[in-house]
Amino acid sequence: MKKCFERIKYALTIFLFFVTPLFLGAYAQQTMEIKGNVNSEIGELPGVSIVIKGTINGTITDVEGNYTISALPSDILVFTFVGFLTIEEPVNSRSVIDVSMEENVQQLEEVIAIGYGTVRKKDLTGAISTVKGDDLAKINTANFTQALQGQLAGVQVSSNGGSPGNEATILVRGISTINGNHPLYVVDDVPLDDISWLNPKDIESVQVLKDASSCAIFGSRASNGVIIIETKKAKEGQTNIIFDVSYSVQSVAKKPDLADATEYALIANKAAENSGQSLPFADPSSLGKGTDWWDEATQLAPIHNYSLTINKGTKDLKVSTGLSYFNQDGIVKGGGYERITLRLNTEYKLTDKITIGENLSLSKDKTTNGPGLVWDVQRIEPVIPVFLPEYEQEGKNEFSIYHPTDRTDVANPMGALARSFDETDYLRIIGSFFAKLDIGSGFTAESKFAFYLSSWENNWFRPNYYIEPTDKADVNSVGRTHNNRTNYTWNNLIHYTKKWNDHKLNGIAGFTMESFEHRTLAGNGNELPSNHPDLRYLDAVTAAHWIEGTDEKSTQQSFLGRINYAYKGRYLLTASFRADASSRFSKENRWGYFPAISGAWNIAEESFVSDVNWLSQLKLRGGWGQVGNQDIDNDALLTTLGRTIYVFGVDREVDLGMAPTSVGNPNLKWETVEDINIGADLGFFNQELTVSFDYFERKSKDMLMGMSIPSYLGSAWSTPWTNIGTLSTKGFEFVVNYRKKFNSGLKLNASVNVSRATSKMTKLAFGEDIQSGNHQRLDMLTRTKEGGATGTFYGWVTDGIFQNQSEVINYTDEFGNIIQPLAQAGDMRFKDLNGDGAITDEDRAVIGNPEPDFSFGININLAYKAFDLSMLFNGTYGNDVLNAIKPYTHAGNGVYNSAKGLLNKAWNGEGSSNSQPRLAVVDNNQNFRYSDYYIEDGSFLRLKSAQIGFNVPENVCRKIKLSKARLFVGAENVFTLTNFSGMDPDLGGSALERGIDWGQYPLPRVFMLGANITF
Amino acid sequence: MKRLTLKYFLSLLFISFVLMSCDEFLDQPVKGKQVLSNYFSNEDECLKALSGCYASLSPEDWWENDFFYLIGDICSDDAFKGNPIEGDQRDFGNLARFLITPQNEWTGVKWRYSYEQIYRANLIVKNVPEAPISEDLKKQIIAEAKFLRAFAYFELVKNFGGVPLLTTPLTVDDPKLPRSPVSEVWAQIEADLQAASTDLPEKSEQSASELGRATKGAALAYLVKAYVYQEKWSDAEPLAAQIISTTEYNLNDPFTMVWNVNNPNGSGSIFEIQNNYHELYDAGNALPSITRSRADGGWGFCTPSSDLDIFMTGDPRRNATIIKEGDYVDDEHPAYDTSLSENETGRTNRKYYLPIADRAEVDEHKRAPLNQILFRYADLLLLHAEAAWHNGSSSAALLSVNEVRNRVALSPLASVGDQLLTDIYNERRMELAMEGHRYYDLKRQAGILQSGFPRIKEVMEAFVDYNMNSNTDYDAGNNKGALFDVSVHTLFPIPQNEIDLSEGAIIQNSGY
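Protein chains in written order, with my numbering: chain A, 144 to 1158; chain B, 0 to 511.
It should be emphasised that the hints constitute simulated quantities derived from the structure, not laboratory data.
From a predicted model like this one, the values you see are computed outputs, not experimental measurements.
Keep in mind that the hints are not guaranteed to be accurate.
[What the hints assert, rightly or not] Which stretches of chain A does chain B cover? Using the computed rule of at least three CB atoms under 8 Å from a CB of chain B, they are: (1) 280–291; (2) 914–921.
[Stated by the list, open to error] Listing some non-contacts, in silico: residues in chain A with all C-beta distances to chain B over 12 Å: (3) K398; (4) N470; (5) Y534; (6) T783; (7) G785; (8) I788; (9) L799; (10) P809; (11) F828; (12) Q830; (13) P863; (14) A908; (15) L965; (16) N1067; (17) K1102; (18) V1117.
Don't be surprised by glycine CBs; every beta carbon is placed ideally from N, CA and C.
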């Protein structure tokens, strides 16, 4: 459509070029009436300001984007509109001047939400990244967090695999605490911890507040960064109906390479032979390929995604409403996700002074929780069939007809799938009601009451069945859990704006009250009359009636204030302050104070650089601030008691006792996170090329953490909360953006973002290492030491393989002690780091760091005529990952299934391998203890999404009564370049357990077909 | 209009401040949880706290304490780790092989739960005297708590040697405790047991609902054991004789009934962990499930050695102690499958074996109804025999050991001198095999062949020699025990994190 306008514009220009001179003489220097229409990609633009250059005379466009103005034929008209590129149009004696304005996607006039207010990007002083909702909408996901990957500098998103509806892990500038690192979400001014209810297509814009100077206005919950989301609202003069539809098919992006039945049997035989045992398989080759458990458990899975948005805006009433439906099946069988959302955003102008409105979102989803087959289908032996032979199935119930495993302790995964009945229903209602009052003299007051109501309900059923002694359930059972949250937020703010001479002042002051209530109820029971579908309900329970529940409430009260001051648009200063009081702390420690200050200097506006035409922006920014963290248990201050179980008496009755379960710490206070940020924004060639750079240093003080204490001080495993740790994080972000409209009509917008954030634990309670990540084969996987990074991998260090017995005997310490006396040729050599002549626990060291040197994203958008193309790459560099399934698939003892080719890769005689030990059942050397053998380079580069769109020409649109239509095809997770041997190196996890592949849900490769239609 | 809006605004402001000034908004109580600071306010709370103190003997899950009761067998010549899966409970296997480090998970677990029990007992000893309850009940509760505290310190001292000694609850702000000398720990154990014994009832005096609680007999029996561990023979013998003379305990139960699930707190039972199946609570024992064959739904840990089996050849107790591959067990298991590929010895522990009908139908690994017998009369008789021998009264020793033999219809012994001691030791091995005593007995007894060393040295050497050179059974060639070092392995290492957390106050046992 825009093209059409441009053509008209060109035609008019050419016409006028020839025609105007004819009239020039006659009409010279007489005012004339000029009419026109202002338009853009999104339709007619009302409210555009048109000013005659050099004067204060002007007008604005009406609801249909039309205007009329009187001007001299030689005047120049300046069209300005927030969020659009300013256009200067010489009148040249034309009486009709139609203008098509272009949206200024990341331009200086862009308005950015900074929490309780907005600011022009140009006037920004802190470190804030932004992305438009339209860019996120290109990723076909139910969950907003997944769409954020690779989009923003300083925001590291790990996808956590591709299970339906899955939430990604988001780290804003790395980790700031060893506890939860979830950012705070603020949706339309309402702070929330949960975002998965939101349809990504309803998002207008996302701004991520990264540094403390920006976040401090959110005080005590902002220590992990703040993600501000503005949802779509109607604009004045706008009426449209937008329908988005897409259909996708997902397939497994990378299938793990596993041994087939023949290789499995050969490995088992070889391992037995090497250990002097009899061979378990007489004729391996007769087994053929056996069962491909991976193929059994995975499938092609569709995603349906529909979204309807209706906007209508008048001067007094703006309504935006919408309905969406999303349905995704899992590529691993047994899982699925379905969601319906309804949204209503309304704003009424009651009087000139009073505006009221509400935002209401209703989100209902259902997750079918699959049985988590990924780990087991890789470990189970391929030599057994899925089902029992038919003659053995007789008389067994439908859950017992699966073949028992023979050599492994893995339960038949298809059996697990058959008896997987686990669904979660989640209903969330998020809404707010607000009133704004224009008091005059630059003051406005605003009060907003918001609520978050959620009802989470999980239902499960487990049938009774018998496959084998270790894979059975004697009784069936059913259960339900309710988990309800009722959160209220009340914001009361006064805004003040004043401009005088070269000064501009913006201020807010306010107070907020928040309350968080959480109630749970769980019930379950056993011995249903049968496994019949109609009896899988609590009503049918006949034994073991169980009920439990919890009630928790916490509250918070805050005062906040902020001043934004600008002088001549060149010197900018922002100062903010917030005071929070939380019910979680004692009266003495209740209040936390969070100040921040930041400034910026727009050098490009200075006269001494005004001659430098190629420099369109040069800005230096700097800030300091403090934010807080109060993420502790509500009862952390108290030593509470819990139930114990014992038996007394002749009748051996169960006796429920009581004992302390925690050690309270009444002296707890806020954790404080402080940082400094220095940044620069540069723009060249009228912002065609922009570069941004930020450097930060952050320090978490009085870090809230569970403290290990001597066992004699309390109940076993008590780790009272304390304010002891100190963690520092440093890093930078770098963004380059290039926008160019070529003469050929080709439009290019490309950007690269690179971020780095490295953490260092500078203080821990008693200097005691924190161990985390208990693995059945490898024990504790990570350690966090004072002076080191968080969650580093910690184990033995390998040094190749003993190629012959004399290497074993000659591997001695200085006194001639054989260091690995139990080893033999083909076994792993470990380094005796402490030189005591033996391999002991003291020979372990940090063998890997899950923190990347940097993570990055590359965004390329091309548009040519009716076509557009977008590509998003993302990746990390320099991080280590731990392949936690390798202790099974590479141990080569012939029990669990092995990686394909292990038979030939394993050491088998001198010189055959220096990395993969011999196959063996008996392994006295403990070759497969936790060592750097399991640590791999997790660097990767992924084409995360690619999309080609076709905009239906306007004349065609008009014929089919549409105002706009775009058809697109896309693909996600197209390819991944990595050295990681597992399925996917893009692993999330908590601060202490990052980068561990626990058999993560496989990444789907998605092919997508869709349309965006505007009526 | 302007005035009106201002009025709205001011009233809004006013309402806000009124609400803000409500401090109650920020006072949110913790809901549904009792708090220690106001606990011990009535009889019920005191009794529940005592119940919690018993619960530390065997907390809910399999690994929390139950598993460690196997250590006395796997760290001896009686048993192996069990299943040969290298990484399956690696640290458990490392204990069996004496590849023990201060990071060992299981010694850490034992330490933690022992101190948990001491903490709970200390809370009672400190708070119950002030509680508004009857003096008789106070005495009873405190006596039971002291018994349990002594039990916990006994567990600590026999595994770790001297340990931090505290008899009242401490807080994080108190200075970190060093290890007390072994003698002081023993002194505390003796003091607690003596105090407990004066206020506790005899087993026969207990009401039906009290059965399973600590008794006077139990307190005194543990006192005997404490004397024996310290080689206080002259104290041990008369006290043991005193308990015997009360006739509170006897050997009337046939041997096959001692560990029978249907004979809890049998006639010879002095103290046992009370377990039962409950459809809701994990009130049961873990060991039946953990030790049973993997072919029979168990986990295959702690399997009896062929060394023990051969030692017991012909002994009437053998079939009630060991199940060997192919043995008849019951009609459902006429030829027992020990899952040879997952069993180091082709055997499984008969004492913890439960017939299918008696197995918990849900969560068997924490709900088996079998009581865990910690102290029984035969044990006391054999301790009496040992003490009597050391005191030179062979006839008293013979009387006790023959009482044990008599139950299983073995002919009375008439040996004398060193042979008698050996016979008492052998009787002890067979009577108490696979009940978690062997390692602790061997390390407290003096060597017979190598008298300068604990007896465990010569036993482990013979065991390794047998396995490596003459054994032709399933466990042939297994060199478990080769790493045993008598200068190190008679005590387990203090858990490393406890040393770290002590800020230098705790010194590690030598050799670790």
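Hint-by-hint comparison with the structure:
no., hint, result
1, 280–291, "violated (count 0)"
2, 914–921, "holds (count 3)"
3, K398, "holds, 26 Å"
4, N470, "holds, 36 Å"
5, Y534, "holds, 23 Å"
6, T783, "violated, 4 Å"
7, G785, "violated, 8 Å"
8, I788, "violated, 5 Å"
9, L799, "violated, 7 Å"
10, P809, "violated, 9 Å"
11, F828, "holds, 48 Å"
12, Q830, "holds, 41 Å"
13, P863, "violated, 7 Å"
14, A908, "violated, 9 Å"
15, L965, "violated, 9 Å"
16, N1067, "violated, 8 Å"
17, K1102, "holds, 51 Å"
18, V1117, "holds, 38 Å"
Comparing the model with each earlier hint shows violations of hints 1, 6, 7, 8, 9, 10, 13, 14, 15 and 16; every other hint is respected.
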